[in-house]
Amino acid sequence: MESLWPRIEPLLAHVTKPARYIGGELGAQRVVHGPDAVSWLLVYPDTYEVGLPNQGLQILYEILNERDDAAAERSYAPWVDMEAAMRSAGVPLFSVENHLAASAFDVVAFNLSAELVYTNVLNLIDLAGVPLHAADRTDDDPVVMAGGHCVFNPEPLADFVDCFVLGDGEEVVSECNAVLASFRTGPARTPGGDRPALLRALSRVPGVYVPSCYDVAYDGTTGRLAGITPRFDDTPARVEKRTITDLGDWPYPRQQLVPLIEVVHDRLNVELFRGCTRGCRFCQAGMITRPVRERPADQVRTMVSAGLERTGYDEVALTSLSSADYSGIEETVTGIIDDPSCSGQVSVSLPSLRVDAFTVGTAAQIQRVRRTGLTFAPEGGTWRMRQVINKLIREEDLYAAVDAAFSQGWKRVKLYFLIGLPTETDEDTLGIVALAKQCVAIGKRYHSSVTVTASVGGFVPKVQTPFQWFGQNTIEELTRKVHLLRDAARPVRGLTIRWHDPKATAAEGIVSRGDRRMGAVVEHVWRNGGTFQEWSEYFDLDLWTDALAASGMTLEDAVYRHRTEDEVLPWDHVSAGLHRDFLWQDWKDALAEHGLPDCRWTPCYDCGACTGYGVEHVVASAVPPAGGSQGTGQDLSSGGQVPVRFLSTAPSGAAPAEVPGGSAVALATEGRG
Amino acid sequence: MRIRFRFTKLGKIRFTSQRDVARMWERALRRARLPLAYTEGFSPRPQLSFGLALPTGAESLAEYLDVALDPVRAAEAGVEVATLPATLNALLPEGIDIEEAVVVERSKDSLQQIVTSCSWTMRLAGLTGEELSDRVDALLAADAVPITRERKGREEIDDLRPSVLALAVSDPESELVADPTGRTVGLVAELSTQPRGVRPVELVRGLIAVSGALPGASLEGTATDGHPGRIPVLDRACRTQQWIERDGLRQEPLLGRVVPAGADRAVHALVRAS
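Protein sequences appear in the order of chains A and V.
With our numbering, the residue at position 604 of the first sequence is 604, and numbering never jumps.
Our numbering runs 1000 ahead of the 1-based position in the second sequence.
Looking at chain A on its own, in the form it has when it is part of the complex:
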């Protein structure tokens, strides 16, 4: 393997941010390849600045490089100017450590965190000089793998990816490496011309889905997917995700990469816990990463102090899906700030703060060094809406959190909301402005001038969630709701509304729930120049609608249509552990405006994520954090309603009736106004 650096270097004088391509980060491994080591290229299919901080990729990078029989390097999507320079100079996709050609690696593995990067994945496979379609690859080509949250519906990329890996990667990556190593002797990747055998061997690793080992059948009359079934006896009919039982066994990354250039989340990141059982029904991350596994507090402290000392960062983020839910969060934050070795100059940020667990104490702690922005996510504008989505925070919770923030000196607060949620009415939508307006009023008690920003995203139903059956709002409907909000917010001084482009929401919807035929759509968009679709300057909805039309599909059918209970879903053969009947029941509960408690602190309702895999929650505290209102046994009455229903005691009559096709149509009318 020969370094491409002499050919890359002359290109760098003519591109923006050339340091994206030089490697050299603190923590970058000195990778030495050898005949006995499987070589991995870990690729994040977006820019270096977006991809470098990805913790999943960094964890696998370290685990692989700790092995004698593996060697891993990294690559990111070159920006459009660099890609043009590379293509014109005949330089293929390369790694940033040794600047080796991607095609020289045994494995090219992509992290899939968002659907709109799929066209970049195709572009990078092509830029690597690897055949685009898995079916066209030979023994000389790398195995193309993918992991990350998006692989819970692998089908839209099934034509291009040789194998997908579901769930936590810490253990399964080594199991895959063992299979790959057994097929590798010297320079020949798959001796004997046996790529199919290699892929079959990989398909026997739990958590690995190899699309070429499955047959896809479509209904002759409706054209709908009829089923995806294994072609071999030893291929699982349903691929189950992998779950590590204890985060404390995996104190990674041990050597977080510190880039030479500024990236997003440019700080030390320490994962407090994985998984979340708050049960927000729109949240795919919360559904597919169960159960909750907390990192032991002393390990958090060690990782923070060692990490700060090693990196020189002055900010640490304690990450998770809901950081304020970590047992003893206040003590943890205080411990970091009071640590004398930090010289009093380290700030702590807590992404994903839940308002019902945010207290004056937490606010006081995190603003001691540097006051970063505060963001809360009520998601729904009315209590009714929040019952539907199971984000059971009361108005009082939000106001108390905002009051705590303003009283501790913050003058700017950001609120996240979703529009286009199931059963949403205009009253719910306008409730966003009402809530935000009240937050402004609270701020005015403390400061003469405050800013509340309501950031509004269009809801995209995600697979493996209770809302996977819901028909997404149309572009027109989302636009109408945005206008409603904008008009209502205009007279309110101190309130700013920001919104996500409804067209981009639609495009995300196209890919999110597609079946294998959606691959042709992704390919069409890419062939017509549609890379970097996550970037507003390059996003183009027309590319997507043209691509749908070219494949005989419509937005109506692919995105806006409600799915029925008996419909075969394209992702039914991969599993995040959640029972389908649990998800369906939760969907019906949503329509009936019933909340579901957090099972971390209440009895199990058997969603399947623990029971199916023989794992359990790992939490240090048996009681919820201060201020928590959900499943806590506190007085939850708000507006005379009792939001939480314990499944074990609920009378069966309280459950909503089945939602037949007719209701779905009614819902469609209601949902889209």
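It is worth saying that the hints were derived from the structure and are not from the lab.
Model, not experiment: these values are computed from the prediction.
Heads up, some of the hints might be wrong.
Said to hold, decoys possible - Output of the computed footprint for chain A on chain V, the stretches with three or more beta carbons under 8 Å from beta carbons of chain A: (1) 1004–1017; (2) 1154–1161.
Claimed, not checked - With a straight-line cut-off of 30 Å between C-alpha atoms, the simulated BS3-like cross-links for lysine-lysine are: (3) A:Lys437 to A:Lys414; (4) A:Lys503 to A:Lys414; (5) A:Lys17 to V:Lys1012; (6) A:Lys17 to V:Lys1152; (7) A:Lys444 to A:Lys503; (8) A:Lys414 to A:Lys444.
All C-beta atoms, glycine included, are put in the ideal place defined by N, C-alpha and C.
Using the hints provided, position chain V relative to the given structure of chain A.
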């Protein structure tokens, strides 16, 4: 207490920006647990002061940084300046190498204000040594060399000539411009930094302008067909010295070390133009 460092920026790291280098330093200084002085306010930052910004992509043998230490804590901790280069070099990325550190008086003049000129070596592609020599002569002989420069996002015409204090074709054996591929020719220059610094790419623009090509012609890219004359393209640039004037003498900014004109690193090639 203020410490002035001189350091290099060589190799791959030249593709990072001035801002990136500042952040690398901040992290290294924190890792060294130096008792830094911080700014006041909601977002305290360490008090660092860099000299003239080095263009992204250019190398340097002579970058400077002033670091303010908290005097009380520095005295308590007993900071030894002599050991700082070794300590910090272990914490800075490859290519950034501290060569010297001295305590300087707190004065009102920032590095940016006192530096009057910089010496550069460059490698140019797209023309022969002879062609370059003709252009150097033409530029030095010209009364004015109008070039387009970007200022605050707008293009304007500026006279380059007064800023070119010295210019010569370099000895091809000089290690600073040596090019194993033989594709490029070397140039050395001393460029004034007052009132505005001249970037190497702007000097190349001047070399194009004096040979009859249009000012502002495409430079940074590869030579385009059909353009009059052969276009020099900047291949590499390295800042070899920054100079301050004190008591009529040209000095290296680490005070107390007087460097006579012509004694800089590119001495064998440098010719005073005036």
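Checked hints:
With a threshold of 8 Å between beta carbons, the proposed coverage of the region 1004–1017 of chain V by chain A holds, since 5 of its residues qualify and at least three are required. Restraint check on the region 1154–1161 of chain V versus chain A: 0 residues with Cβ-Cβ distances below 8 Å, three needed, restraint violated. Straight-line distance between C-alpha atoms of A:Lys437 and A:Lys414 comes to about 12 Å, which keeps the hinted pair within the 30 Å bound. Between A:Lys503 and A:Lys414 the CA atoms are separated by roughly 23 Å; this keeps the pair inside 30 Å, and the hint holds.
A threshold of 30 Å between alpha carbons decides the hint, and for A:Lys17 with V:Lys1012 the separation of about 13 Å falls inside it, so the pair holds. Between A:Lys17 and V:Lys1152, the direct Cα distance comes to roughly 19 Å. Compliance with the 30 Å bound is thereby established for this hinted pair. With a CA separation close to 36 Å, the supplied pair A:Lys444 and A:Lys503 exceeds the 30 Å bound. A threshold of 30 Å between alpha carbons decides the hint, and for A:Lys414 with A:Lys444 the separation of about 15 Å falls inside it, so the pair holds.
Checked against the numbered hints given earlier, the structure breaks hints 2, 7 and satisfies all the rest.
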